[in-house]
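J.: Here is how the chains run, residue by residue.
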Amino acid sequence: MAEMQTLDLELGATSGTLPATASRQRIESIALGTAAIALLLLIWELAPHFLPIKAGTRLFFTVPSRIFATLWEMFSTGSIWAPLGVSAAAFAIGLALAIAAGLPLGILLGRSKTMNAMLDPFVTAFNATPRLVFLPLLMLWLGIGMWSKIAIVFLGAVFPLLINTHEGVRNADKVLINVVRSFGASEWDVARLVILPNSLPFIVVGVRLAIGRAILGVVVAEFFGAQDGLGVVMVRAASSFNVDIVFAGLIIFAGLSLIMTGLVRLLEERTSRWRPQRAANE
Amino acid sequence: MATQPSVLSGFIGRHRTVVLGGAAVALFFAAWQAIFLVLPFNPLFITKPSLIAAGLLDLVESGDLFHDLAVSAVPFFLGLFGAVVIGVPVGMVMGRRVRIGYALDPLMTVFYASPLVALAPLLVIFFGVGLPGKTIIVFSLAVFPFVFNACAGVRAVDHLLVNVVRSLGGRERDVYLKILLPSVLPYIIAGARIAVGRALIGVLVGEFFAASEGIGYAITRFADIFAVDRMFACILTVMVIAIALTEGIRWAERTAFPWRFGQ
Numbered sequence: 000m001a002e003m004q005t006l007d008l009e010l011g012a013t014s015g016t017l018p019a020t021a022s023r024q025r026i027e028s029i030a031l032g033t034a035a036i037a038l039l040l041l042i043w044e045l046a047p048h049f050l051p052i053k054a055g056t057r058l059f060f061t062v063p064s065r066i067f068a069t070l071w072e073m074f075s076t077g078s079i080w081a082p083l084g085v086s087a088a089a090f091a092i093g094l095a096l097a098i099a100a101g102l103p104l105g106i107l108l109g110r111s112k113t114m115n116a117m118l119d120p121f122v123t124a125f126n127a128t129p130r131l132v133f134l135p136l137l138m139l140w141l142g143i144g145m146w147s148k149i150a151i152v153f154l155g156a157v158f159p160l161l162i163n164t165h166e167g168v169r170n171a172d173k174v175l176i177n178v179v180r181s182f183g184a185s186e187w188d189v190a191r192l193v194i195l196p197n198s199l200p201f202i203v204v205g206v207r208l209a210i211g212r213a214i215l216g217v218v219v220a221e222f223f224g225a226q227d228g229l230g231v232v233m234v235r236a237a238s239s240f241n242v243d244i245v246f247a248g249l250i251i252f253a254g255l256s257l258i259m260t261g262l263v264r265l266l267e268e269r270t271s272r273w274r275p276q277r278a279a280n281e
Numbered sequence: 000m001a002t003q004p005s006v007l008s009g010f011i012g013r014h015r016t017v018v019l020g021g022a023a024v025a026l027f028f029a030a031w032q033a034i035f036l037v038l039p040f041n042p043l044f045i046t047k048p049s050l051i052a053a054g055l056l057d058l059v060e061s062g063d064l065f066h067d068l069a070v071s072a073v074p075f076f077l078g079l080f081g082a083v084v085i086g087v088p089v090g091m092v093m094g095r096r097v098r099i100g101y102a103l104d105p106l107m108t109v110f111y112a113s114p115l116v117a118l119a120p121l122l123v124i125f126f127g128v129g130l131p132g133k134t135i136i137v138f139s140l141a142v143f144p145f146v147f148n149a150c151a152g153v154r155a156v157d158h159l160l161v162n163v164v165r166s167l168g169g170r171e172r173d174v175y176l177k178i179l180l181p182s183v184l185p186y187i188i189a190g191a192r193i194a195v196g197r198a199l200i201g202v203l204v205g206e207f208f209a210a211s212e213g214i215g216y217a218i219t220r221f222a223d224i225f226a227v228d229r230m231f232a233c234i235l236t237v238m239v240i241a242i243a244l245t246e247g248i249r250w251a252e253r254t255a256f257p258w259r260f261g262q
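Going line by line, the protein sequences match chains A and B.
The numbers in numbering that gives the first Met the number 0 rise by one with no breaks, and the one at position 79 of the first sequence is 78.
The numbers in numbering that gives the first Met the number 0 rise by one with no breaks, and the one at position 78 of the second sequence is 77.
It is worth saying that the hints were derived from the structure and are not from the lab.
It is possible that some hints are incorrect.
[What the hints assert, rightly or not] Pairwise CB distance ranges (calculated): (1) B:ARG165 with A:GLY183: 43 to 49 Å; (2) A:LEU257 with B:SER211: 32 to 38 Å; (3) B:SER211 with A:GLU27: 48 to 54 Å; (4) B:VAL17 with A:LEU262: 37 to 43 Å; (5) B:ARG253 with A:TRP43: 40 to 46 Å; (6) B:ALA251 with A:PHE240: 40 to 46 Å; (7) B:ARG165 with A:LEU266: 38 to 44 Å; (8) B:SER49 with A:LEU40: 56 to 62 Å.
[Stated by the list, open to error] Some, not all, of what chain A presents toward chain B, calculated at C-beta under 7 Å: (9) LEU83; (10) ALA127; (11) LEU215; (12) SER239; (13) LEU257.
In this text, all values refer to a predicted model and were calculated from it rather than measured experimentally.
Glycine is no exception: its CB is placed at the ideal position from the N, C-alpha and C atoms.
Using the sequences and the hints given, assemble the complete structure.
T.: Below is the structure:
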């Protein structure tokens with residue numbers, strides 16, 4: 000709900016302001032945002048010079064420059080690619096399966112009230128529960144390794160997709176559906192002409208949420224039950240007090256998450272761009 | 000949008016939904032119980048509802064379940080409380096002060112987007128496996144939904160209202176207390192629904208990692224000793240609690256702010 004609300008707000012803000020002030024605001028927002036991050040990093044970097052840090056604490060303490068040096072080393076030596084590849088494979092397969100299952104189910108639940116009533120308790124239950132709770136069970140069933148990872152990614156990603164698709168299908172304009180029906184359209188035509196275009200922005204939001212859940216799934220699954228992957232590298236580093244690598248891994252996960260959600264956000268703007276325009280043309 | 004007939008049909012539809020949903024759940028458990036009449040039953044990997052019920056009864060009678068739940072509840076609520084107390088004011092200021100919003104938005108987005116559970120091993124090493132470590136994991140996961148929702152709530156406030164209070168001589172404090180806080184409340188409750196889920200993840204991660212008690216620890220321990228029936232009992236308990244919390248908040252949203260559910 001909050002998700003869609005912010006979407007509307009962003010659209011309203013960009014269309015409402017004049018181009019000149021908009022660009023100035025944009026520059027200001029980028030400058031201030033960068034400055035805040037830079038300031039935080041600077042304080043963190045300089046903290047050991049001002050604050051007395053106990054020898055015991057120093058074991059867990061690191062500064063940004065060392066983290067970035069570690070990150071650079073991981074990429075320049077290429078030691079990162081193998082574990083990252085394993086994590087990426089689990090992420091991609093899990094997400095693909097989630098899309099393959101979530102979209103059709105979402106459309107089905109959106110179109111059929113009976114199916115929705117019957118499956119809603121399960122969807123609500125699984126969506127409310129942190130999927131992490133099933134990890135020990137999945138490890139018992141699927142073993143430690145790729146498949147339990149894929150399963151947890153799938154479970155995390157499928158529900159946002161299903162629920163958003165369902166929401167999008169349900170929100171399709173009843174009048175439009177009736178108009179298309181009156182002109183003799185079949186159920187398939189209704190889906191193709193009205194429901195799919197209408198629910199596309201919802202689906203894209205679902206994909207964005209699913210990406211975040213999927214990355215979370217990869218991290219958590221690799222923390223508790225896996226033999227390789229970036230998460231495993233991080234846990235091993237943490238247990239040998241190699242804090243730099245933990246933070247480097249976190250940065251890689253966060254970076255990937257931001258890049259992917261950013262790309263989907265672009266798609267989101269692209270897919271919902273026609274809405275206000277069409278409203279104006281009518 | 001909500002006209003009289005749609006309210007009425009919604010009422011009837013809801014009862015239909017409850018009946019169909021209940022039937023589906025009952026059918027699911029019945030099928031689960033019955034399928035082992037056909038399939039071979041291996042108690043090391045799978046269990047059936049009758050055994051889960053027995054396991055649950057066992058856990059309830061011995062008091063283990065309530066002990067574990069109580070242990071897990073403390074960091075859960077402390078972390079959530081901290082998240083509200085810190086997250087809501089930060090988010091409101093970010094929404095009200097445009098430049099502070101500009102400055103903090105990217106930072107918060109980075110934190111929100113990054114899988115902060117990844118820091119759990121460090122937090123556990125740093126703060127120990129007990130209450131402080133778990134509370135901090137819960138807090139760090141739960142605080143961002145409050146920040147972002149409070150911020151979005153303030154930004155959605157009608158500027159006319161702010162100007163009216165200002166014109167009538169209201170100070171910044173009045174703006175915050177008389178306009179922003181009441182209008183942000185629905186957003187905060189919506190944020191709480193997301194935050195509760197994340198807080199549960201925090202508790203579970205903390206307890207999966209390293210703990211000697213708590214519901215998350217119970218699940219991993221039963222998995223380790225292949226006590227599938229009691230593991231399922233614990234998993235179902237967590238599911239029921241999670242559903243009760245999120246649906247409870249949803250109910251609170253509907254009763255307190257019905258206009259947000261107009262469409």
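J.: Measuring from the C-beta of A:ALA127 to each C-beta in chain B, is the shortest one below 7 Å?
T.: Nearest chain B Cβ about 4 Å off; hint holds.
J.: Within 40 to 46 Å or not, the Cβ separation of B:ALA251 and A:PHE240?
T.: 44 Å Cβ-Cβ, so the 40 to 46 Å window holds.
J.: Does A:LEU83 meet its interface restraint, that is, does its C-beta lie within less than 7 Å of any C-beta in chain B?
T.: 14 Å, violated
J.: With chain B as the partner, please determine if A:LEU215 meets the hint condition of a C-beta pair closer than 7 Å.
T.: 5 Å, holds
J.: Can the suggested window of 32 to 38 Å be confirmed for the beta-carbon pair A:LEU257 and B:SER211?
T.: 37 Å, holds
J.: Given a hinted range of 38 to 44 Å, is it respected by the beta-carbon distance of B:ARG165 and A:LEU266?
T.: 40 Å, holds
J.: Quick check on a hinted range of 43 to 49 Å for B:ARG165 and A:GLY183, using CB atoms only.
T.: At roughly 58 Å between Cβ atoms, A:GLY183 and B:ARG165 fall outside 43 to 49 Å, so the hint is violated.
J.: With 7 Å as the cut and Cβ atoms as the points, is A:SER239 at the interface with chain B?
T.: Hint on A:SER239: violated, closest Cβ of chain B at ~11 Å, above 7 Å.
J.: Between B:SER49 and A:LEU40, does the beta-carbon spacing fit 56 to 62 Å?
T.: Given about 58 Å between the Cβ atoms, the range holds.
J.: How does the Cβ-Cβ distance of B:VAL17 and A:LEU262 compare with 37 to 43 Å: does it lie in that range?
T.: Roughly 41 Å apart at Cβ, these two residues keep to the hinted range, so it holds.
J.: Do the beta carbons of B:ARG253 and A:TRP43 sit within 40 to 46 Å of each other?
T.: The hinted range 40 to 46 Å holds for B:ARG253 and A:TRP43, with Cβ atoms some 44 Å apart.
J.: Taking the CB of B:SER211 and the CB of A:GLU27, does the distance hold inside 48 to 54 Å?
T.: 51 Å, holds
Of the hints listed earlier, those the structure fails to meet are numbers 1, 9, 12, in rising order.
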